[in-house]
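Can you make the complete structure from the sequences, with help from the hints?
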Amino acid sequence: MGADQVHSKKLVQKIMIIKQLNGHTAKMPVKHVDKSPDDERLFNKDELALTEGVDSYMRGFFDIEDVLNDPQLKEAQAQAEMMAAAFEGRKENNIPGRSFIAEALSEVDNAHMPDESEVENISEITAGWVDEWQSRSSTEKPEKEIREFISGSIEPGISKPSERSPKPVRKANLRMVSAFLTLSAAAVAGIFLVIRGLSPADPDKLFASSYKPFNVISTTVRGDDQKPRTDYDSAIEKYKDGDYEGAASLFASISMRDTSLISSRFFLGLAETARGNYTGAVTQLSAIASRPGDYKKDALWYLGLAYLKLSDTKEASACFSSLAQSPGFYHGKAERILRRLR
Amino acid sequence: MSIYCRNLSTGMKEYSDSEIIECLRNRQSHVVRYLFDRYLPMIRLMIFRMGGSTEDAKDIFQDGLLILIEKIDDKDFVFTCKFKTYLYCVCENLWKSVIMKRKAAANYLSSASEAEAGKDINEFIDNKLYDEIFWGAFETLDDAGKKILKLYWQGVSPVQIAEQLGYTYGYVRKKKCKTQAELVDKIKKSPGYKQIKNSEIIVNSIVT
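Chains as they are written, first to last, in our numbering: chain A, 178 to 519; chain B, 1360 to 1567.
It should be emphasised that the hints constitute simulated quantities derived from the structure, not laboratory data.
Cβ atoms here follow ideal geometry from the backbone N, Cα and C, with glycine treated the same way.
Just to be clear, a hint being listed does not mean it is correct.
[As the list claims (entries may be wrong)] Distance windows between CB atoms, simulated:
| id | chain 1 | residue 1 | chain 2 | residue 2 | range |
| --- | --- | --- | --- | --- | --- |
| 1 | A | Thr456 | B | Lys1509 | 32 to 38 angstroms |
| 2 | B | Asp1502 | A | Ala279 | 42 to 48 angstroms |
| 3 | A | Glu280 | B | Thr1499 | 34 to 40 angstroms |
| 4 | A | Met433 | B | Lys1441 | 51 to 57 angstroms |
| 5 | B | Gln1554 | A | Ser503 | 51 to 57 angstroms |
| 6 | B | Ala1463 | A | Met259 | 20 to 26 angstroms |
| 7 | B | Arg1408 | A | Lys417 | 51 to 57 angstroms |
| 8 | A | Pro469 | B | Lys1441 | 14 to 20 angstroms |
| 9 | A | Ser498 | B | Arg1408 | 47 to 53 angstroms |
| 10 | A | Thr407 | B | Gly1495 | 56 to 62 angstroms |
| 11 | A | Ala279 | B | Trp1494 | 33 to 39 angstroms |
[Stated by the list, open to error] Residues of chain A placed beyond 10 angstroms of chain B at every Cβ, according to the derived structure:
| id | residue |
| --- | --- |
| 12 | Glu224 |
| 13 | Arg452 |
| 14 | Lys474 |
| 15 | Lys491 |
Printed below as a string of structure tokens:
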């Protein structure tokens, strides 16, 4: 390979790098990029893409610098090495969580869909599709099937258009009846909402509509079948299987042995809630909810629900207020309950 | 600082590590999107530096996150380091094993041309390209602009930048935009960038 060829090859590689950098960032959703009015005024489209490329590179650069200066880096590296090695051994398996990430990121990809205005020659392209469709002979067209699929998808209960019996309909009357029914339904719904909004909800009903058993994820890891199961594992499994009596009993014995085990006390509170011992649940959960930790928010939520069931709306409101004031999974749910309690 | 405060500089909500862990444990997809936007540049740059591409970075990012989610689900595992550090280290390990596999595959095929191709992959990223163009231009900016941009890239909000540097919020925003514009201008005028753009035009005209 001559010197010129090597030079050309390297140049092409460099172009690819720049293209990757600019190409990727061009696809970034607008909402994630700081396009303040000032930026729009200062940069044209190319410059904005270049700025985004630089921003992306620099953020990555400083993040790496931050990681490499992390005093706990060596510890993380040692753990990461083991994690990656364990993962490599079973990469092709259907690992839980993969579909969750894929779905979450497919939403990102959808968010990257360009605007119509950004797609060049869109009208030419679609015109081509129409021409292609029209040029096909009628026997080639899967028209009926597609139409049925679309209409079926929109109105699943509706019969096929061709099968509908042609009934003579007086359109004007039908419109009036339809408008009257719509208005009546809206009025009834409005009255219902006003009545519901003005009167505080029944705590029991609120509990029933809000309570769901905690979504427990098994502590048993793939490949751990040979390991002896701990009482904690068994208790978790019992809770998952709906054996709340058994779970409460096991969690209680674990908590008795070691009162510092937060998770056992938390799950004991959940099991007590599930089996209807709300006073017991309050005892366990209030201890968890009163101090910072992994289970604080979850404990607050279930504590609030237990108070609802005990008709102590004041304490319940205090729990939900705390959740409503902080962001996270329970924020919106707590706000809704608070509105109903007022 | 509020753990969920809106980061004005990046347009993203910032999550604390405990917030990230809580959301991942509850399978809230918005946190995956946040992590993707927030940390993909870091993973991409790391993988670029070790001869990979954006697509490689996306794959590795997903696998790395998958491993961390498994650890989050394991109640016995305690996160003793920063989430970002874990993500970086896990992805680095995964990528190294990919490189090893690719090299092994190239050796297995064992033709001279394959070996040559393997070398090319390793040489694929010339980090000096970034350093020469981006850093070169950056270093010529004035001190105030450099400080503001550095903090901005580190995810610090304009309000906090103003507090840290003793400027007004308005000045920080204006100075940031002005310095960014200056940086872009300098990059565009740098000989390296011009050379690349010219070569790109030539290559495109040949390819198309």
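Cross-check of the supplied hints:
1. Thr456(A) to Lys1509(B): 32 to 38 angstroms: violated, 56 angstroms
2. Asp1502(B) to Ala279(A): 42 to 48 angstroms: holds, 45 angstroms
3. Glu280(A) to Thr1499(B): 34 to 40 angstroms: At 45 angstroms between Cβs, range violated.
4. Met433(A) to Lys1441(B): 51 to 57 angstroms: violated, 36 angstroms
5. Gln1554(B) to Ser503(A): 51 to 57 angstroms: Holds: the Cβ-Cβ distance is about 53 angstroms, inside 51 to 57 angstroms.
6. Ala1463(B) to Met259(A): 20 to 26 angstroms: 22 angstroms Cβ-Cβ, so the 20 to 26 angstroms window holds.
7. Arg1408(B) to Lys417(A): 51 to 57 angstroms: Distance hint for Arg1408(B), Lys417(A) is violated at roughly 44 angstroms.
8. Pro469(A) to Lys1441(B): 14 to 20 angstroms: Since the Cβ atoms of Pro469(A) and Lys1441(B) sit about 18 angstroms apart, the hinted range of 14 to 20 angstroms holds.
9. Ser498(A) to Arg1408(B): 47 to 53 angstroms: holds, 49 angstroms
10. Thr407(A) to Gly1495(B): 56 to 62 angstroms: With a Cβ separation near 58 angstroms, Thr407(A) and Gly1495(B) satisfy 56 to 62 angstroms, so the hint holds.
11. Ala279(A) to Trp1494(B): 33 to 39 angstroms: holds, 36 angstroms
12. Glu224: violated, 5 angstroms
13. Arg452: For Arg452(A), whose nearest Cβ neighbour in chain B is about 22 angstroms away, the distance exceeds 10 angstroms, so it holds.
14. Lys474: The claim breaks: Lys474(A) does not keep its Cβ more than 10 angstroms from every Cβ of chain B (closest is about 7 angstroms).
15. Lys491: Non-interface label on Lys491(A) holds, nearest chain B Cβ at 27 angstroms vs cutoff 10 angstroms.
Taken one by one, the earlier hints fail for this structure at numbers 1, 3, 4, 7, 12, 14, listed in ascending order.
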